[in-house]
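Asker: Start from the sequences, fold in the hints, and give me the full structure.
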Amino acid sequence: MKMEEIPTLPQDIIVEILIRLPLKILLKFRSVSKSWLSLLSDSQFHKTHINFSMNNPKFTDYTLAAVPTVSGLGKICHVYTIRSENSSVIVSKHECPSKTVSLSAWILGSCNGLICLTTDSFNLMLLNPCTGKFNVFPDLMIEYEVGDGGVHIRYGFGYDAYAEDYKVVKMFSFPRIGNEGRRHVNMVSVYSLKGNSWSSIQGFDSGYVNGNVGVFANGVLHWEGCYDYVSGGISSEIVTLDLAKERYGRIALPRYEGGGIHWTLGESRGRLVACCNYESNKAAMWVMMEYGVEKTWTKLVTISSPDDGRVNISPLFVAENADEVLVKLGTEVTLYNSRNASFKRIADYVSTDDFLQVQVATYLESLASPHI
Numbered sequence: 129m130k131m132e133e134i135p136t137l138p139q140d141i142i143v144e145i146l147i148r149l150p151l152k153i154l155l156k157f158r159s160v161s162k163s164w165l166s167l168l169s170d171s172q173f174h175k176t177h178i179n180f181s182m183n184n185p186k187f188t189d190y191t192l193a194a195v196p197t198v199s200g201l202g203k204i205c206h207v208y209t210i211r212s213e214n215s216s217v218i219v220s221k222h223e224c225p226s227k228t229v230s231l232s233a234w235i236l237g238s239c240n241g242l243i244c245l246t247t248d249s250f251n252l253m254l255l256n257p258c259t260g261k262f263n264v265f266p267d268l269m270i271e272y273e274v275g276d277g278g279v280h281i282r283y284g285f286g287y288d289a290y291a292e293d294y295k296v297v298k299m300f301s302f303p304r305i306g307n308e309g310r311r312h313v314n315m316v317s318v319y320s321l322k323g324n325s326w327s328s329i330q331g332f333d334s335g336y337v338n339g340n341v342g343v344f345a346n347g348v349l350h351w352e353g354c355y356d357y358v359s360g361g362i363s364s365e366i367v368t369l370d371l372a373k374e375r376y377g378r379i380a381l382p383r384y385e386g387g388g389i390h391w392t393l394g395e396s397r398g399r400l401v402a403c404c405n406y407e408s409n410k411a412a413m414w415v416m417m418e419y420g421v422e423k424t425w426t427k428l429v430t431i432s433s434p435d436d437g438r439v440n441i442s443p444l445f446v447a448e449n450a451d452e453v454l455v456k457l458g459t460e461v462t463l464y465n466s467r468n469a470s471f472k473r474i475a476d477y478v479s480t481d482d483f484l485q486v487q488v489a490t491y492l493e494s495l496a497s498p499h500i
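Here the sequence shown is numbered in this note's numbering, starting from 129 and rising by one per residue.
Simulated from the structure, these hints should not be mistaken for laboratory data. Using N, Cα and C, we set each Cβ at its ideal position, and we do this for glycine too. Do not rely on the hints blindly, as some may be mistaken.
[As the list claims (entries may be wrong)] Listed below are the simulated BS3-like cross-link pairs for lysine-lysine, each with C-alpha atoms no more than 30 Å apart in a straight line: (1) Lys410 with Lys322; (2) Lys156 with Lys322; (3) Lys152 with Lys175; (4) Lys175 with Lys373; (5) Lys175 with Lys162; (6) Lys261 with Lys152; (7) Lys410 with Lys152; (8) Lys322 with Lys261; (9) Lys373 with Lys423; (10) Lys261 with Lys410; (11) Lys423 with Lys410; (12) Lys472 with Lys410; (13) Lys410 with Lys373; (14) Lys373 with Lys472; (15) Lys322 with Lys162.
[Unchecked claim] Derived Cβ-Cβ restraints for the label pairs, each shown as a range: (16) Pro185 with Lys427: 30 to 38 Å; (17) Gly420 with Ala469: 28 to 36 Å; (18) Arg467 with Gln330: 42 to 50 Å.
Answerer: Right under this line is the structure:
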């Protein structure tokens, strides 16, 4: 008897099925056949998978990467991935795969499943923690004349969808005192992964750019900036850089109570999140429901810090119903439950005495390649 052949599904149907599967299943499917390996390694499939994940949160796995910063030489960089699975928190420890990243690293941002790191060895690295693939390239070093105020270095990492290119932004911010008070002259350079090179773009003048690392959302990098001195205080706004247009802009922060002293920014499920830290040891968290429309800032929750000393709260991830919010509370990663105002420390991922702080980023699990 002749055995019937197993019917073959059309390619587009296979893709529609695969993009709905957990990433750990897709990683195993690369070993099924050469054709499946080719499909799962294709950049177009990666884009389709990422777009589906961004638009369908219920099918999406988000993971938290934490890199502890420690003092002293000879320390090995580790990436800790923290994720929720079956109502429990799973913590995994991974050594950085590149030998060039031998010391403590700093996270410069995440986008489409890639994490950008800078290290003490003056290199930058794009890393996909899910696949273990990475790409190392030199950081930008320039000669400049430092004034009395020194220079402040700011970074940002994101994706230019128009050029289909990952980009790293480096900002050199020089304080200047003039008739309008203390201002900053900002020199800006951009690294193109596709072009494998740094180039200078038009800079801008501003107040003090507060955030060391820009937050990427909607194709735009965001830094919290302090602009005008008003009645002895400081007016804060968000300074932005559109990666595709290389155009700067400003977004007004939500209206807040008196006593707000420090803003932190984050991104969750594609939306911009802002957190106002008060002198009274509390913080109010807001989300911009429609990007670029300032009247759509919506207050999510007010959090009172459990610690006696004041610490800044930074938003990391907001649950779909906003009942739970993952935050960086000082040097700890904590899950805040707004229903009963409780805190749950996620993990003791550092136990050494020379621990200084933890750099944290949430990222979308994907097959994206750090090479173009």
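Asker: Each hint needs a verdict: does it hold in this structure or not?
Answerer: Tested hints:
1. Lys410 with Lys322: It is violated: about 43 Å lies between the C-alpha atoms, which goes past 30 Å.
2. Lys156 with Lys322: Measuring from Cα to Cα gives roughly 28 Å; hence the hint holds.
3. Lys152 with Lys175: holds (17 Å)
4. Lys175 with Lys373: OK: Lys175 and Lys373 at ~21 Å, within 30 Å.
5. Lys175 with Lys162: holds (20 Å)
6. Lys261 with Lys152: Status holds; Cα separation ~15 Å.
7. Lys410 with Lys152: violated (39 Å)
8. Lys322 with Lys261: holds (17 Å)
9. Lys373 with Lys423: With a Cα-Cα distance of about 24 Å, the restraint between Lys373 and Lys423 holds, given a limit of 30 Å.
10. Lys261 with Lys410: Judged against 30 Å, a Cα distance of about 40 Å means the pair is violated.
11. Lys423 with Lys410: The given pair, whose Cα atoms are some 23 Å apart, holds under the 30 Å limit.
12. Lys472 with Lys410: holds (17 Å)
13. Lys410 with Lys373: violated (37 Å)
14. Lys373 with Lys472: Violated. Lys373 to Lys472 sits at ~42 Å, over the 30 Å cutoff.
15. Lys322 with Lys162: holds (27 Å)
16. Pro185 with Lys427: 30 to 38 Å: Between Pro185 and Lys427, where Cβ atoms are some 21 Å apart, the hint is violated.
17. Gly420 with Ala469: 28 to 36 Å: Holds, since Gly420 and Ala469 (Cβ atoms, about 32 Å apart) stay within the stated range.
18. Arg467 with Gln330: 42 to 50 Å: Cβ of Arg467 to Cβ of Gln330: about 48 Å, so the range 42 to 50 Å holds.
Of the hints listed earlier, those the structure fails to meet are numbers 1, 7, 10, 13, 14 and 16, in rising order.
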